[in-house]
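Colleague: Residue numbers (the working numbering), protein chains in the order written: chain A, 1 to 262; chain B, 1001 to 1304; chain C, 2001 to 2304.
It should be emphasised that the hints constitute simulated quantities derived from the structure, not laboratory data.
Check each hint, because a few of them may be wrong.
To be verified - Straight-line Cα separation of at most 30 Å, DSS-like style, residue types lysine-lysine; simulated pairs: (1) A:K15 <-> C:K2084; (2) C:K2298 <-> A:K102; (3) A:K117 <-> C:K2298; (4) C:K2299 <-> A:K116; (5) B:K1126 <-> B:K1032; (6) C:K2084 <-> A:K116; (7) A:K218 <-> A:K196; (8) A:K90 <-> A:K61.
Stated by the list, open to error - Non-contacting residues of chain A with respect to chain C, defined by C-beta distances greater than 12 Å in every case (computed): (9) V5; (10) N36; (11) Y59; (12) N67; (13) P70; (14) E72; (15) G77; (16) T92; (17) P101; (18) E145; (19) G199; (20) E240.
Yeah, the Cβ is synthetic: ideal placement off N, Cα and C, and Gly gets one too.
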Amino acid sequence: MLRVVDVHKSFGGIKALDGVSLEAEEGSITGLIGPNGSGKTTLFNVISGFHPKDAGEIYLKGERIDNLPPDEVARKGLGRTFQISQAPQKMTVLENMLLAPKGQMGEGLWNALFGKKRVLHQERHNVEKALGLLNSVELIDLRNEYAGNLSGGQKKLLALARILMADPEIILLDEPTAGVNPTLIKGLMRLIDELKKEGKTFFFVEHNMKVISDICDKVYVLDFGKKIAEGTPREIQENEEVLEAYLSGSSKKWTQKVGLDS
Amino acid sequence: MTVLQVIINSIIRASELSLIAIGLTLVYDLLKFANFAHTEYAVVGIYLAFIFNVTLGLNIFTAVLLSAIFTGLIALCIDRMIFRRMRDAGRVILMVTSFGLGIALRNAVRAIWGPTPRSYSIALQKPISFLGIRITPVQIWIIVTAVVFMVAFHLLLHKTKLGKAMRASSDNPALAQASGIATERVILWVWFIATSFAAVGGILIALETYLLPHMGFAIIIPVFCATILGGIGNPYGAMLGALALGFAENFGLYLNFGNIINLWGFFDFAGEMHIPTGYRDAISFGMLIVILLTKPAGILGRRG
Amino acid sequence: MIEYLTYLSIMTGIYAILSLSLNLQYGFTGLANFGHVAFFCLGAYTSTLIVVLAKGPFILGLLGGIIAAGLFGWLISIPTANLKEDYWAIVTLAAAEIVRLFFLNEDWIFGKGPYHGGAFGIGGIPRPLQSWFSATTYPFFYLCVVIFFLALTYFVARLLTNSPFGRVLKAMREGDDLPLAMGKDVRKFRMRAMALGGGMGGLAGSLVAHYWSFIDPYQFMPIETFVVWAMVVVGGKGNNIGALVGAVIIQFFYISTRFLKDFIPIDAQVLASLRMVVIGLLIVLVMLFMQEGLLKEKKRVYQG
């Protein structure tokens, strides 16, 4: 589904990605972990077209996407969320959801002006779908609330629900559980699992090791822009190098917090 | 007109614009918004100098100094009343606010002094001729004043504590604040310096021409052009930008494009082909648009 | 008295169209267009060109004005798509001035003869169907024409902003990243918003040219942009009715102060300047205390 081949990216003099290669198979759930600053979000940005790469190739379903602008990448079936919620604050939760579906006729001028019936029909369909998704992330009661009034965790849930509205084939999630309450996380995991069964591919950045070990098929570890390990969650947890990376200096507290040193 | 004259004219124009551009770039960089009222502060300064020089009869040098100080003080009041409450506002909101402020300032001046042109009471200017150029004493003073202020600014920036604080706040505002550099104080000083410089720059223009309330608007695009050309936050860039603009405007009107096109060998222009003087403003406007579309970071980029 | 009220209503109607146009661009899409008067200007001149020079019918002039202004909006947004909001504002300001300078300098477009063009303006613009009405009843007819087009513009604006198209525009207000991640071609939407807003502005321009029967470049100074901004900002950005309300309020302010000079011994010039001071301050005050304007943007609430 997604193949990243030897991608390099520098900002000024800093090498954020140094020859990173990885793969996410169709219908799998892949995790990406690493200390802060290891390049995880940069990798997401490069894959989704928000930052141009310096070198390397990126394939989506066998097609090269590395030089495409972000909206084209999205239209090709790759969805992503942002580490810091980018939800338009002055739009309601439901409006946010309705932004996502592709191929909305009402976005074209002609239809917006003259195709009222058709547009309404499509809107109704989208609204139903949106309400359903909002239900599964327990945001249904906030559907008419401005997105700006949501808590951090709620914004994360909105982001997840919203990207699912777009019905992408592969979904890149940037820390989807940060700030979300633990019981809800269980529900999210179940949702993701169900979607996986429907054939969706997930690729996410997480700091919550429990989530990673519970549902990921495969995990990649980044450090200083380099891939330092890959394997099943079990393998990663026992990997010497990974522990090294996390135990060096200030990362130690972090590893204790997420339970990697147990 | 000889080429030397065009060069002199360019330098004069550059001198007039440079101080205003320095002011704009300082505020733009520190407060992160395009201050559309900046050139109106220049107008305020121009007319304050009129009060001191013509209404109160003081000599022009005193008038310039007093006007610069008072303009700076007015800017501080305005910051206190308006912009201080908006430190967190988005750039567009700040921009629109400064827009409104600019209109208010310009028309307040217009309400008081009316739309007829005024002049300072300075001695009648007799041009000095040499080497095929003509220059008046006032024009020489304009260049000298601009240079003096630019040097003073450079010394301020590099030899004083305030200058150090300004540079730090510009390079890394978060760090500066965390290190205890009182950013609010720096902001006040920057407003004072920026607007007093704008006042002086404006007076220089008025000395050479006349006083009119819409002068601020007449130079807003050239000043923005110089600022952006030199890179926002880079006062030296602003000076160079002003220089580039001065030359572009004057040579733009002077050059016979007919000859230039002939050089390419395509056409054969017997006559002259000049940019019509009516389009003089279009030169700076055009330059601005071109820069913004090609290299918005400016030629020099941020101060090194 | 009735005559004056009709004149007022017609002008309010025309400005209301401009207000809706700017609201579409700034209120809904977040585009800080400081050169809005360019649409007004292009609409007026193009319509005049078509009707006066090519002797075309009024409707064709109207269409031409809309298309010319819309095209300008569209073209301007192509190269500037990646500019930050403040740079974009500066560019639009400069572009509008270039448009005005063009019409100021190029008097040859309008040929020789009674239509001088350039700084002298163009007179004798025929009013549509003037022969059908008497001198006293004609203004009512024209008022109906303006109201008709205002209603049309309002409905188009409302339809668009409530549609999925409008939804994308609103998302773009707060940054390009999210709409891009949702697969929306943000550039295309921006160009369309500019073209639509432009077309509306052009419509207003055509209507005004045929009403005044005379246009010159001095009617399209940047101050016109500011006045429309005041309308949008005061009335309520992101709210179409707010745009209308803003137009009425500002116009009302204009009329009520017009008669002030009958009661207070104040010179007309000074009054005009003071009015603008108030407009400028209004913008500042609204930005400081009431950023949403009078009529806040309506929340889209779905039933069921």
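Colleague: Could you let me know if the closest chain C CB is still more than 12 Å away from the CB of N36 (chain A)?
Modeller: holds (21 Å)
Colleague: Check the hint pairing K218 (chain A) with K196 (chain A) against an upper bound of 30 Å on the C-alpha distance.
Modeller: At roughly 14 Å apart (the allowed maximum being 30 Å), K196 (chain A) and K218 (chain A) satisfy the hint.
Colleague: Please verify whether K117 (chain A) and K2298 (chain C) have alpha carbons no more than 30 Å apart.
Modeller: holds (23 Å)
Colleague: Taking C-beta pairs only, is G199 (chain A) more than 12 Å away from all of chain C?
Modeller: Answer for G199 (chain A): holds, closest chain C Cβ roughly 20 Å.
Colleague: E240 (chain A) clear of chain C by more than 12 Å, beta carbon to beta carbon?
Modeller: holds (37 Å)
Colleague: Taking C-beta pairs only, is V5 (chain A) more than 12 Å away from all of chain C?
Modeller: holds (23 Å)
Colleague: Going by Cβ atoms, does E145 (chain A) stay more than 12 Å from chain C at every point?
Modeller: Label violated. Min Cβ-Cβ 9 Å, cutoff 12 Å.
Colleague: Checking one constraint from the list: CA of K2299 (chain C) to CA of K116 (chain A), max 30 Å. Satisfied?
Modeller: This hinted pair holds, its Cα atoms lying about 20 Å apart.
Colleague: Is K90 (chain A) within 30 Å of K61 (chain A), Cα to Cα?
Modeller: Since the Cα atoms of K90 (chain A) and K61 (chain A) sit roughly 36 Å apart, the hinted pair is violated (cutoff 30 Å).
Colleague: Against the 30 Å threshold, does the CA-CA distance of K1126 (chain B) and K1032 (chain B) hold or violate the hint?
Modeller: violated (44 Å)
Colleague: Checking a non-interface call: every C-beta of chain C should be farther than 12 Å from the C-beta of P70 (chain A). Is that right?
Modeller: violated (4 Å)
Colleague: Check whether the Cα positions of K2084 (chain C) and K116 (chain A) lie no farther apart than 30 Å.
Modeller: Not satisfied, since the Cα-Cα distance of roughly 34 Å exceeds 30 Å.
Checked against the numbered hints above, the structure breaks hints 5, 6, 8, 13, 14, 15, 16, 17 and 18 and satisfies the rest.
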